[in-house]
Amino acid sequence: MGITSRGRRSAVIAGLAVAALAAAAGCGGGDDEASGDGTITLTVDVFGQFGYEELYKEYMASHPNIKIVERGTGANLDEYSPRLTQWLAAGKGAGDVVAIEEGLLVEYKANPGNFVNLLDHGAADLKSNFMEWKWNQGLTADGKQLLGLGTDVGGMAMCYRKDLFEKAGLPTDRDAVSKLWPTWADYVKVGEQFKAKNTGAAFLDAATNTFNTIVLQTAGDAGGYTYYDTSNKLVVDSNPAVRQAWDTTMDIIDSGLSGKYGAWSDEWVAAFKQAKFATIACPAWMTGVIEGNAGADASGKWDIASVPGNGGNWGGSFLAVPKQGKHQNEAAELAKFLTSPKGQIGAFKAKGPLPSSPQALDDPAIAGATNAYFSNAPTGQIFAAGAKSLKPVYMGPRNQAVRTEVENAVRTVELGQRDPAQGWSDAVANAKKAADK
Amino acid sequence: MALHLETRVQPGAAASRPGPPPRFRLTRLDMKASPYLYIAPFFVLFGVFGAYPLAYTLWVSLHDWDLLAEDHPFVGLDNYTKLMGDADFWHSVVNTLGIFVISTVPQLLLALWIANLLNRQLRARTFFRMGILIPNITSTAAVAIVFGQLFSREFGLINWTLDLVGIDAIDWRANRLASWVAVSTMVDWRWTGYNALIFLAAMQAIPRDLYESAAIDGANAFRQFWSITVPMLRPTIIFCVIVSTIGGLQLFTEPLLFNSGTNPIRGGPSRESQTMTMYMFENAFAPNFNFGYGSAVAWMLFALIAIVAIVNVVLIRRLSRGGR
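Protein chains in written order, with my numbering: chain D, 1 to 437; chain W, 1001 to 1324.
By construction, these hints were calculated from the structure, which means they are not laboratory data.
The reader is advised that the hints may include incorrect statements.
[As the list claims (entries may be wrong)] Restricting the straight-line Cα-Cα distance to at most 25 Å, the calculated cross-link-like pairs of lysine-lysine (DSS-like) are: (1) D:K433 to W:K1082; (2) D:K92 to D:K326; (3) D:K432 to W:K1082; (4) D:K233 to W:K1082; (5) D:K437 to W:K1082.
Here the structure is a predicted model, which is why all the values come from computation and not from measurement.
Construct the entire structure; sequences and hints are all you get.
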């Protein structure tokens, strides 16, 4: 009896201690967003460079009760995506407005319940502000929920280093350079000429980047889809567009044109700084990346020519409002402002992401825009011209994982670990496996 | 606190009193309850951060658990069955074990040798003894970034040095064995000093007269080291092996940061240096977001560590019996 009562009492005390500790632990994460004076703080999660700083200032000036904090500026998409997904899964932690890259958006569409339906916030009226396909990308399959409002599109060009071209005896004027490579076969020929001059630099950075550019082009020209067809069937091995892009890339690798710097790696960044390659496939958003990686020293040494082949779109993002946010109305308003034609023009001027809004593309501010870093190239003309006629490419549910496998197969061939035939069978087998996961 | 308890709770004096005053009752409560209170933090923390996640992970691993989906259908052992036939998983197991062996064996030998050097009479002994611990208190991320640059294919110091002596540049990230060596180097840089210090402490507990008698019997320094130091260090060596095993099998940060660029979690284009923890992360989070499958990998990792730990215990028993 004595023992039990003693045991019970200790148990009670131990229990109290546990409760106290648990309470202490629970208090740690308290976040109070609305401060005493009624100011609401909205957090915007981005990756890379969205160029919103000036727009925030303007918005805060016209909405004195709103304070905007941006997180993730400059973050790699590979760091950002899993972090955002974890926040969504945990039901806590995501910003009030979050940027979502198009490849990730297709994954999120499978579970739209994590996001606010922007159609409930009056977004339906904004449809004409966006290119039709960009608007449709933000909708769920049944068209009833709008997950995200488009920010930018990735109209394509080819960026090149004038100093290296000069060294190799090639023309440096952007129009003359554009004429050098109407097709990818011509691009390979120019590359071979470049290589023969032994400038100490490679012709291009990494075959994976070039491959992705080509596959999005060939797919846009042909069926409008890459690894998945529009009924979400995996067609990596039967879609001629993928195979055609693969073969073209193999020619590039075969001619020894690639510097083999793994895209986005530290070596890749170092290679920018040391001028170790002459050309890079250049979606509009890449200009900001080049400027950041190559640094101020290379200002005026880069220029922009048209891309071989036929236009194409790579990347582009959306702004969405997670349902876990506390200030969904205010967040939706902010997202609408940032993705408005005016917001898109502001972002383009700051960091170069190409607007997805036809009105913005028509605006003289964009049509006449030049980029000082790229030898005053008329970026507005170069990118905007093709943007409205972009042929969208459909992405299936597991596009990101499948793309990763195919690009890694390209990389193994580029590094000489596999021959092209083995690489292709790896790509198909691994893509099928990834699609099943 | 303990002292306070003992002075208060001298029972002899208290027992002679007719009824315990309230203060004494408090003291009794204190005496009975406080031990539980003292150990509670460990159990609470272990419960919250150890047992609960462990059980939850097991629960998750039995489901088809898309990280973002609302429904998580129960699938029993499907994830495990799939994992058993998953070549990429076994590839990561081999990588983990390979890196473990390549890093641990030289690490412990080197640590033993350094400890032996530091056990001698030398100038500024404390400086050197503390100095070998500095790599251990450096942040792993910093180590990985610096080593990542040293092992760069084109811009790295190591390939530059190799070039000086006429060896072709090695692509450290695209060659399985080379990437293991590079990752092992980082691990060794961090942990050799730590192990050396533990060996050193154990060496100092070895009675000096053993060495004196050995010297009288004509044993040279090497013989003394091999026949006295090493056998006397056996339990310490086993301790270090176990600690290195646990750390080695959970290796994550070094190989992840070593592989910069797109999808570093794959550990290279053909998964050259992808460890089990990286494979777990790849499946549970980006790009697969398959929490159930990732959890199954986590439990396999747990099982692997348990197996290796059991092997270690068996070895300890056998060795300590042999030592007697």
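Checked hints:
Simply put, K433 of chain D and K1082 of chain W have alpha-carbon atoms about 11 Å apart, close enough for the 25 Å limit, and the pair holds. For the hint pairing K92 of chain D with K326 of chain D, the CA-to-CA distance comes to about 10 Å; that is within 25 Å, so the pair holds. The suggested pairing of K432 of chain D with K1082 of chain W holds, with an alpha-carbon distance near 15 Å, which does not exceed 25 Å. For the hint pairing K233 of chain D with K1082 of chain W, the CA-to-CA distance comes to about 22 Å; that is within 25 Å, so the pair holds.
Simply put, K437 of chain D and K1082 of chain W have alpha-carbon atoms about 10 Å apart, close enough for the 25 Å limit, and the pair holds.
In summary, the structure agrees with every hint in the numbered list given earlier.
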